[in-house]
Amino acid sequence: MADLSVKIGALALKNPVMTASGTFGYGIEFQDFIPLDGLGGIIVKGTTLHPREGNDYPRMAETAQGMLNCVGLQNKGVDYFCEHIYPLIRDIDTNMIVNVSGSSPEDYAECAARIDALEHIPAIELNISCPNVKDGGMAFGVTCAGASSVVKAVRRRYHKTLIVKLSPNVTDITEIARAVEAEGADSVSLINTLMGMAIDVERRKPLLSINTGGLSGPCVKPVALRMVWQVAHAVKIPVVGLGGITTARDAIEFFMAGATAIEIGTANFLDPAVTIKVRDGINEWLDSHGCRCVQDIVGCI
Amino acid sequence: MRFFSYFRAKFHVIMMKKYVLDLLVRAVEHVSTKHVLLRLTHPEPLPDMQPGQFVEVRIDGSPSTFLRRPISIHFVDRENNELWLLVAMIGDGTRRLGLLKPGDVLNCILPLGNTFTLPQAIPAKYLLVGGGVGMAPMLFLGAEMHRMGCQPTFLLGGRTKGDLLELELFNRYGRVFVTTEDGTMGEKGFVTNHSLLQQERFDRICSCGPKPMMMAVARYARQTATACEVSLENLMACGLGACLCCVEKTTEGNVCVCKEGPVFDINRLLWQI
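Same order as they appear, the protein sequences are chains A and B.
The end of the first sequence is residue 572 by the numbering used here, with every number in the run present.
The end of the second sequence is residue 274 by the numbering used here, with every number in the run present.
Chain A on its own, in the form it takes in the complex:
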């Protein structure tokens, strides 16, 4: 049995497998399928200061080895989360991490501050990369100045582990990664979805209500892997890798590219027990290759 524990800054994970925000609800939706405490962390649905209805239906289109979505951060707001959802998830024995989004640096900071007060939430993932909202989201994540402004505002009011989720929809992701590192981010996670589109040729109309959406699934994995590798060489803080991971072998690739931990997203829709299978597969791979811990292979490329 290899040692699967890893650390993201001060945050200790019992294993490197987490769930990607927006693909795993609040965790409880999957409790019939896996022991939730068997995961390294659960990153819950994107949460904003004020409630959001999200975009109109249709919000999803299937693509080759992937899918597009334009959910648009539908959530009931941070106060509802603190009051009604937190009590349901606070005792799950894993790192319950909240994905935080907003439409201004002040919004992000206020939302983060309210979550800072929750004892059993040891970290947040700052979403500066949602491609599906007009006001904020990816707007901040595509420039160094925008990314810096949000991280700076949040860092002042959030004192636990701060992970910043990066957008791949940029010319050079390493610049953004360095910018958020300089403002005090403890870690970066990447990649959020790639902005894409699909068209119904018979109706001559886009398949998504807002025309474009975020692409995820195995089809984005090579792009994600390349960006993780680039960023891992550009920053000193730990990198969390995600994008199309479906198998333990995919996860091993991300570790080798420089990720300390990984998130599984779209694959949860195909197999709700995939996370535990990937965790066990990582352990088997490490054992069969004479590795004692995950760190043995992190960044070996």
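Treat the hints as calculated values from the structure; they're not laboratory data.
Check before you lean on any hint, since a few could be wrong.
In the DSS-like style, the derived pairs of lysine-lysine whose C-alpha atoms are separated by at most 27 Å in a straight line are [unchecked claim]:
1) A/Lys423 x A/Lys405
2) A/Lys405 x B/Lys250
3) A/Lys285 x A/Lys548
4) A/Lys431 x A/Lys278
5) A/Lys285 x A/Lys431
6) A/Lys431 x A/Lys347
7) B/Lys189 x B/Lys35
8) A/Lys548 x B/Lys18
9) B/Lys212 x B/Lys250
10) A/Lys347 x B/Lys250
11) B/Lys189 x B/Lys212
12) A/Lys423 x A/Lys347
13) B/Lys18 x A/Lys347
14) B/Lys212 x A/Lys476
15) B/Lys189 x B/Lys162
16) B/Lys212 x B/Lys126
17) A/Lys423 x A/Lys278
18) A/Lys476 x B/Lys126
Since the structure of chain A is provided, determine the placement of chain B on it from the hints.
Structure of chain B alone, referenced to chain A:
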């Protein structure tokens, strides 16, 4: 338990344990050129399932089919430990289901979603309206009602005679009325044109089928002040209420059809009817 009843009342959610199971294909019947009936079983007793619920089927061997496909529960044969799915073969994924052979394995997540409202008191006069492959969940619902001692009335519609499937099975559980758009069977026209609706009134209507049909049924229900539930089939990814893709606008905002539905009281929906 108080928590769960609160949760259910507040969110219209059914708290039934869900499973991922490799079901064994026992029989494959091509009931029409476009429809296949799959009879599935499992070495262990199948989980409890209720009328209106659905399963998410993994489609193997179809490169263009990435996500699972939601398929409504057509019938549960508890005596033979069988789950029946009636599949309309439309795209590559569902056509692939038509190629299954007895002995094959079909990976399913089940049971998912909520249920039609079963009668609280007997007798109850229910009208079950199914259009096209939307007649699938009506068989299970009618069978459950029959088991409770009710005799439901089925009103089934199709474009043509060949769309009306398994009428002898429906006949076992209640009265059956049919319409076809081309008049090749039953009364000519849509289900809502059937003379039955002018002659009788019902305590409740349950409906599944194309949206225009369900909207017409909902309009009839509203005009006659009849309780009415419809089963929606919005595009889904997870089926578990996690991805928020399949939302429908309701009086309480956007809600997931996979979790708070697929069955909705028409008064919860914002349909212009």
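Against the structure, the hints:
no.	hint	in the structure
1	A/Lys423 x A/Lys405	22 Å, holds
2	A/Lys405 x B/Lys250	21 Å, holds
3	A/Lys285 x A/Lys548	15 Å, holds
4	A/Lys431 x A/Lys278	14 Å, holds
5	A/Lys285 x A/Lys431	18 Å, holds
6	A/Lys431 x A/Lys347	23 Å, holds
7	B/Lys189 x B/Lys35	22 Å, holds
8	A/Lys548 x B/Lys18	20 Å, holds
9	B/Lys212 x B/Lys250	14 Å, holds
10	A/Lys347 x B/Lys250	15 Å, holds
11	B/Lys189 x B/Lys212	20 Å, holds
12	A/Lys423 x A/Lys347	25 Å, holds
13	B/Lys18 x A/Lys347	26 Å, holds
14	B/Lys212 x A/Lys476	20 Å, holds
15	B/Lys189 x B/Lys162	11 Å, holds
16	B/Lys212 x B/Lys126	24 Å, holds
17	A/Lys423 x A/Lys278	23 Å, holds
18	A/Lys476 x B/Lys126	43 Å, violated
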